[in-house]
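Q: Join the two chains, each given in its own frame, into one complex according to the hints.
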Amino acid sequence: NAGVTQTPKFQVLKTGQSMTLQCAQDMNHEYMSWYRQDPGMGLRLIHYSVGAGITDQGEVPNGYNVSRSTTEDFPLRLLSAAPSQTSVYFCASSSPGPGELFFGEGSRLTVL
Amino acid sequence: GENVEQHPSTLSVQEGDSAVIKCTYSDSASNYFPWYKQELGKRPQLIIDIRSNVGEKKDQRIAVTLNKTAKHFSLHITETQPEDSAVYFCAARGHFGNEKLTFGTGTRLTIIP
Chain A
-9 NAGVTQTPKF
1 QVLKTGQSMT
11 LQCAQDMNHE
21 YMSWYRQDPG
31 MGLRLIHYSV
41 GAGITDQGEV
51 PNGYNVSRST
61 TEDFPLRLLS
71 AAPSQTSVYF
81 CASSSPGPGE
91 LFFGEGSRLT
101 VL
Chain B
22 GENVEQHPST
32 LSVQEGDSAV
42 IKCTYSDSAS
52 NYFPWYKQEL
62 GKRPQLIIDI
72 RSNVGEKKDQ
82 RIAVTLNKTA
92 KHFSLHITET
102 QPEDSAVYFC
112 AARGHFGNEK
122 LTFGTGTRLT
132 IIP
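From first to last, the protein sequence lines are chains A and B. Heads up: the first sequence at position 52 corresponds to 42 in our numbering, and the numbers run straight through without jumps. Quick note: to get our numbering, add 21 to the position in the second sequence (first position is 1).
Rather than coming from a laboratory, the hints here were simulated on the basis of the structure. All of these numbers come straight from a predicted model, not from anything done at the bench. Heads up, none of these hints are tricks.
With a cut-off of at most 20 Å between alpha-carbon atoms, the simulated SDA-like pairs for lysine to any residue come out as follows: (1) Lys43/B x Gly30/A; (2) Lys63/B x Arg98/A; (3) Lys58/B x Phe92/A; (4) Lys4/A x Tyr54/A; (5) Lys58/B x Pro29/B.
Derived list of chain B stretches under chain A, where covered just means 3 residues or more per stretch with a C-beta under 8 Å from a C-beta of chain A: (6) 46 to 56; (7) 64 to 72; (8) 123 to 133.
Listing some non-contacts, in silico: residues in chain B with all C-beta distances to chain A over 12 Å: (9) Val34; (10) Gly37; (11) Lys43; (12) Lys89; (13) Ser95; (14) Asp105.
For glycine and all other residues, C-beta sits at the position ideal for the given N, C-alpha and C.
Here chain B stands alone, though its shape is the one from the complex (with noise of 0.2 Å):
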């Protein structure tokens, strides 16, 4: 199966500053890649999403980038604000017929005032 690998564990970013985090994916066969964020004690809620066959997306300060040759993706943030503080989980989703989103195990992002 799926197996989705992210990096860093924990994020600490003085506000205005720049954020990455990178994930990496096994199944060659994935062909969509959402990334979710999660506030302290609140649902994962979807804020960006990129197919297989776009390279990179960008949606106001957030953008997702993939590289489907080195099967993986990264989100990034650019001036950074405390509301961004958070958990973010990147995901993988197989083709359609194998419907199982696979994600990875979250960064914990802070911003620093």
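Chain A on its own, in the form it takes in the complex (with noise of 0.2 Å):
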């Protein structure tokens, strides 16, 4: 059982490049997210997913884009890199309602 799968863990771009982290889960999680974290700034929400085909914005959604066409995947969309982008990105999947949030292990991104 893999849980959450993120790739790639590392990226370095140039700023304007534009790129995809992808993400999978195979808990059957109709629940899904992403989160960027920064240093003091503890994990904001980027975007969200509560099923196929829905998703909606978080605290930090500007510069970022994602789609939910199947259940096991909620990629993120870096549209055009600026160096404010530079961070963690962390992808987590959970059952709907209160319950644990598993999360991926990491994309680290440089924006130079």
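A: Structure representation (structure tokens):
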């Protein structure tokens, strides 16, 4: 049971480049989300999804797009990377309602 | 939306002593309050959680208390050990249909041998 799998683990981009962070879960969880983690700012919600075909914005959505075509996958797209998007990104999934959020291992992104 | 404040941002305690981390939340509809531990370079992992119909929950050396009236909750770690050194995050989650987990800014706990 792989849980939540994120790729890539590390990525360096130049300003203006685009890329997609991949996230997949094999626990049949309806709820998936993307967080970014910056020093002193905790984990901030970028986008989330409560099921296939349904997405919504979190606290810091600007510069990011998501889609949820299947229950398993929830990719995060950076449209035009900026240095302010240098961060560690975590994908997470859970069942509906109160319960544990399962995190992926994280993706460290550096934008030069 | 929900706002979660966490204090202190750093905490150092002697091995064997107790550590307390406090959080406040703003949305009275929040009904679930988990705590996550993140070791250096690792993913956050759930260590304990509490629902709004419970005032206190214990799991070995870890306990969480919730005061709904004051909208604050706390993590208590007793008999601290070196492996407790990590960053701890509190979080608050709204009712079903508003599935947004809002995290505090984290507390870096260092256990001094």
